[in-house]
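Top line first, the protein sequences correspond to chains C and V. Residue numbering for the first sequence follows the working numbering, beginning at 1 and increasing consecutively. Residue numbering for the second sequence follows the working numbering, beginning at 1 and increasing consecutively.
For the record, the hints were derived by calculation from the structure and aren't laboratory data. Please note: incorrect hints may appear among the correct ones.
Any copy will do: because identical chains look the same in the list, a pair fits if it lies in one copy or spans two.
Under the rule of at most 30 Å between Cα atoms (straight-line distance), these lysine-lysine pairs were calculated in the BS3-like manner [stated by the list, open to error]:
#, residue 1, residue 2
1, K163, K204
2, K204, K65
3, K134, K65
4, K134, K401
Here the structure is a predicted model, which means the values were calculated and not measured.
Protein chains: 2
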Amino acid sequence: MKTDLDRLMLERDMDAFVVTGGEEQNTARYYLSNGAHITHGSIFKLRGQAPTLVCNRMELEEAQKSGLNVITDVELGYYERLMEVDYDRIEAQVLFIGDVLARLGLASGRVGLYGTWQINQTIALYESLTRAHKHFEFVAEANNTLFQEAMLTKDADEIERIKSVAQRANAVMQLAWDYIANLDVDGEYLLDEAGARVTIGDIKTLLRRELLARGLDDSNTIFAQGRDAGFPHSRGEADMPLQLGQAIVFDFFPRELGEGYFHDMTRTWCIGYAPPEVQETYDTVLEAFEIAIESYGLGKPMHLMQEAVLDHYEAKGHATIRTDPRTMEGYNHTLGHGVGIDIHERPSISHTARDDVFQVGNVLTIEPGLYYPDRGFGVRIEDLCIVDERGDLVSLSPFRKDLVIPLKTSGN
Amino acid sequence: MKTDLDRLMLERDMDAFVVTGGEEQNTARYYLSNGAHITHGSIFKLRGQAPTLVCNRMELEEAQKSGLNVITDVELGYYERLMEVDYDRIEAQVLFIGDVLARLGLASGRVGLYGTWQINQTIALYESLTRAHKHFEFVAEANNTLFQEAMLTKDADEIERIKSVAQRANAVMQLAWDYIANLDVDGEYLLDEAGARVTIGDIKTLLRRELLARGLDDSNTIFAQGRDAGFPHSRGEADMPLQLGQAIVFDFFPRELGEGYFHDMTRTWCIGYAPPEVQETYDTVLEAFEIAIESYGLGKPMHLMQEAVLDHYEAKGHATIRTDPRTMEGYNHTLGHGVGIDIHERPSISHTARDDVFQVGNVLTIEPGLYYPDRGFGVRIEDLCIVDERGDLVSLSPFRKDLVIPLKTSGN
């Protein structure tokens with residue numbers, strides 16, 4: 001969590017870091033600025049000191065919501081630097097970064113660079129920084145970065161926010177279930193009140209509307225039916241009518257409006273009835289989910305959980321990413337990932353990334369699946385789980401894990 | 001526009017480019033992939049050849065919507081590379097980029113790098129690419145990049161999409177006006193049907209709901225009242241009740257749902273009545289807007305338009321960014337910017353960026369303003385304009401430019 005940053009800087013022999021970037025959504029900047037929505041501006045932190053947010057003067061009011069030390073670029077002389085280099089923004093930023101570090105009291109040392117930006121501008125900035133400031137060493141961490149490590153665990157405030165998103169997301173999923181369960185049936189299709197076939201697009205519109213009413217953003221929900229459900233990241237076709245007996249993978253990961261924290265859960269539904277091969281596959285995936293939960297232990301390496309699931313699937317004769325890393329069928333992804341400001345964060349419950357162990361404050365998905373696009377279906381079951389203060393693994397996704405949505409006309 | 005890319009590559013002596021990145025929203029990738037929503041994957045283009053999209057196998061179906069040549073990372077041997085370097089993703093990508101360039105027929109030459117990514121990962125990738133592939137020169141353009149140049153003008157398909165967003169945005173602004181005009185008045189405040197004071201948050205909720213119903217995303221609308229209106233980028237406080245006679249800067253820039261094209265317009269409103277000093281300032285800004293439009297000419301340098309506005313303001317005694325680049329009062333920003341997949345693109349109507357001239361296919365804002373936060377107000381008027389096929393400057397923002405919203409109780 002955030003309070004780990006100084007320790008992590010020390011471990012990495014880092015004297016300071018700079019989080020910069022342009023208008024792009026910027027995870028590290030958002031993380032440090034405590035929910036203030038900054039679209040410009042950089043954050044400087046010396047080890048052992050509180051961070052300073054250098055904002056564009058036009059964003060001063062918003063920047064102050066961060067609770068950080070805030071200074072505007074005007075006060076710090078950015079515009080003089082800009083004129084000095086004939087309005088070359090990269091060169092101005094190079095000089096300015098030196099100015100701010102000096103003002104904060106750092107004349108030399110190792111300085112980490114983070115944030116999100118255009119690839120071409122980042123490289124140009126880095127090359128120029130390296131040329132201009134010989135007494136600093138600029139550090140670019142490729143893997144297991146400071147921020148990834150800090151975000152491995154969430155603090156109480158972050159967990160509260162994620163729980164609140166979870167509660168709202170579960171409620172909206174229930175609305176979608178109820179809406180479908182109460183539709184009229186016409187052969188293999190479902191009809192709305194006006195007698196039109198209900199499509200995937202209609203369900204997505206309902207989800208967006210209900211999320212918005214609860215202060216959440218839809219973030220490209222997966223509602224993929226039939227063969228599409230067999231591709232883990234297919235979003236589903238808006239025009240496709242809902243059809244009885246087709247596997248629907250509903251992967252639902254809304255976020256706080258604008259920027260903020262995510263929740264992530266998946267259910268697989270068949271409307272009215274499930275074909276035997278889908279039901280059998282579903283049962284295998286639900287067993288995998290239960291095996292994963294049972295294999296949990298505080299302090300235990302996460303790869304053991306993925307391996308327990310791989311063992312289960314392989315014993316049942318399914319191809320897996322371990323037996324064939326290129327497989328498009330069977331189980332072809334990792335078991336889970338951290339969730340926070342990004343939908344995919346560390347840790348990873350993977351048999352190839354073997355560093356992570358379960359610890360208090362983890363917020364991560366557990367999501368076994370099986371995919372058979374050529375047989376016209378896929379199945380995934382996913383809960384978002386936290387490791388609570390007692391070290392217990394607790395699901396934030398209590399929504400029922402039933403495959404079949406019974407229809408009112410089926411007598412249910 | 002996109003058809004300029006080969007010419008621009010030749011001018012820059014670039015043999016190929018690679019657009020890469022992670023899950024970040026990625027303008028260059030979206031631009032090239034023709035509206036397909038790719039969250040992973042890289043695009044490779046050799047000069048004179050059609051682009052190739054290398055996608056994550058999980059996104060194959062979505063990737064194919066791009067109409068590009070699509071190959072999955074599995075087919076191209078990415079996972080073998082990943083195992084070879086013991087799952088170091090940066091090193092695997094370095095080898096993989098070489099593999100793909102070789103497969104496309106390029107053994108040496110200058111290769112541009114573009115896209116959006118984490119700053120630390122970008123630098124690590126660049127350093128490793130440079131070490132590993134000595135026969136390629138990797139090029140990072142800092143300014144006036146290939147993509148910025150191409151996006152200076154929009155093609156017919158892009159203009160159609162922007163016009164459609166414009167039409168919907170103007171309609172939603174009208175709904176907001178009508179909603180406010182029909183509220184009940186209670187002293188200096190406005191009451192909704194339930195008798196509660198209407199807040200900025202209520203207006204933003206209405207905007208989001210009506211945008212969503214029209215397939216548009218709200219993107220952090222500015223609806224800033226009173227002193228907040230005096231800060232060009234203040235978003236406005238959700239809890240603040242609407243108040244009669246206060247200047248409200250309403251800067252509205254919705255986008256196609258998910259990813260896509262923006263429209264951008266601003267109106268300044270006073271509910272019920274306008275104080276004389278706000279009215280006077282408004283009239284000065286509206287004159288500035290008209291001066292800007294009158295100064296337009298096809299082929300004419302854009303900085304002349306900003307200078308015409310600066311002359312006007314300075315003659316009226318206002319501080320400007322030209323007389324004092326650090327000013328927080330008066331006119332402290334550029335006159336306009338390009339709009340497309342990004343809300344801020346080139347060109348820039350600026351007295352310091354002097355390269356751009358008006359040309360057919362430009363889509364850009366014209367947005368003079370005046371800001372007096374210490375006097376409790378700000379004013380901005382903004383239209384999105386295109387330079388059409390005949391070379392005429394045409395506004396896509398026909399919404400009325402009236403300062404005062406008359407209330408039904410004022411007898412209007």
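Cross-check of the supplied hints:
no. : hint        : result
1   : K163 x K204 : both (23 Å within a copy, 25 Å between copies)
2   : K204 x K65  : between (34 Å within a copy, 19 Å between copies)
3   : K134 x K65  : neither (35 Å within a copy, 48 Å between copies)
4   : K134 x K401 : neither (59 Å within a copy, 54 Å between copies)
Hint compliance for this structure: hints 3 and 4 are broken, all remaining hints hold.
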